[in-house]
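Construct the entire structure; sequences and hints are all you get.
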Amino acid sequence: MLGPKQSLPCIAPLLTTAEETLSAVSARVRGHIPEWLNGYLLRVGPGKFEFGKDRYNHWFDGMALLHQFRMERGTVTYKSKFLQSDTYKANSAGGRIVISEFGTLALPDPCKSIFERFMSRFEPPTMTDNTNVNFVQYKGDYYMSTETNFMNKVDIEMLERTEKVDWSKFIAVNGATAHPHYDPDGTAYNMGNSYGPRGSCYNIIRVPPKKKEPGETIHGAQVLCSIASTEKMKPSYYHSFGMTKNYIIFVEQPVKMKLWKIITSKIRGKPFADGISWEPQYNTRFHVVDKHTGQLLPGMYYSMPFLTYHQINAFEDQGCIVIDLCCQDDGRSLDLYQLQNLRKAGEGLDQVYELKAKSFPRRFVLPLDVSVDAPEGKNLSPLSYSSASAVKQGDGKIWCSPENLHHEDLEEEGGIEFPQINYGRFNGKKYSFFYGCGFRHLVGDSLIKVDVTNKTLRVWREEGFYPSEPVFVPVPGADEEDSGVILSVVITPNQSESNFLLVLDAKSFTELGRAEVSVQMPYGFHGTFVPI
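For the sequence shown, full-length UniProt numbering assigns the number 532 to the last residue and increments by one with no breaks.
What you were told as hints is all true, and nothing was included just to trick you.
EDC-like mimics (lysine to aspartate or glutamate), calculated; alpha carbons at most 20 Å apart, straight line: (1) K270 - E50; (2) K429 - E481; (3) K507 - D451; (4) K430 - D290; (5) K344 - E50; (6) K79 - E497; (7) K356 - E279; (8) K169 - E213; (9) K210 - D183; (10) K211 - D183; (11) K270 - D335; (12) K430 - E480; (13) K89 - E20.
Taking CB as the label site, the calculated pair distances span: (14) E511 - Y423: 17 to 25 Å; (15) I267 - N454: 51 to 59 Å; (16) E163 - T126: 13 to 21 Å; (17) I267 - N494: 42 to 50 Å; (18) G199 - Q281: 13 to 21 Å.
For the record, the hints were derived by calculation from the structure and aren't laboratory data. All C-beta atoms, glycine included, are put in the ideal place defined by N, C-alpha and C.
Written out as structure tokens, the structure reads:
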């Protein structure tokens, strides 16, 4: 007889404030770290969740904690530091939350009079520069990024902020994603919104690969193309986009930002998050832009409502764009990541997990040259290897039905998120593998390698441990797509166990070694490997 179902383990310690580790500590290596693996694994995520008596509400609100694992000739050191953003400094100086974040409204200064506190509701909110989502690269420099107009340039060796950069001082955008794409020459592409009298637009941005002057940041950034939002006052929320050799693919999804609600949030005493809603009465639309000319292609590609945070890869084949995305059928998950939910235990935690939509990899095919006399009701995709279809409707729209890139075994792993590929060699090209975290919990609890051709999985899991986004590092000079290692920071809420940097052989997906450090680390978002 089956016993009672075990509750999910409590992960509250992974979502609580951590101390910085300012001086590098040596890790204890078990197994071996390849001698050729020399560089930094840099990661970022929320690491401080309160100031004084004020507490943040949402996981995305926590102050950016930068992590650096330095690998050199088989040895590993670790250090971490809170990003010295203006937000962090203002909150620290005030001993309270002074600047609002995504899910937390900063309350007026208690030292002010009642009238001053009332009037402060009508002042426009100060935009946060708590860039806690990703390390990104422009012109050879590294920046901490989130989705606001601010980025923080950092010295990756010292983990010091060196400069604050405002996108809106260079181009007419109100922010940009934390997931830019790169051409082989270093040219960077990103997307950001603008809000003007004509409504809201999604803008495709290009940043040159090299500096003309030594002190430059994102000078020379250009808007390549502006795409009008389907609804003027309700643009879609997006976290990433797709890119092939010649095209940018933007997914306009039915997670809407109600601008009126966001603009009035402070007066209404609500955080920004209150203005974001899942509206599945709308379908999802794909927009395709020629990245050389900036032209928006005329094709109107639609699919069922879904939410995607992270695209996996996209490429061109036989006159089509193939784009692979991690998709959820319910877009209400943003709200679930309230800290009070994540820190629950027992049945309460299980209930939160049951509400969370699982994320699965899907392939969409967008045929590029659809003639006016293309037959209606027929699949226009010529790709024999994909069951994804693109069918022209009576109104000229093309309805795209995806192919699932998985079998039931991925459902047992809780779906997959934080997808990564061999980016340097295979981004924008036909590829075979991606890596991600399995989600049998509210944070990643396994590492998974997916073969997109055969839809087979390899899984690494250790009970009671929670791995971060897997980062692929190729073996120098290797030709094979999966010839390399996977790096992941694996953490545990169990105080008697050590957290560690895990090194897996990417091909066999077996452990080569781990580097243990007895330092508390919160669960983070994204990172990158920088060779030295």
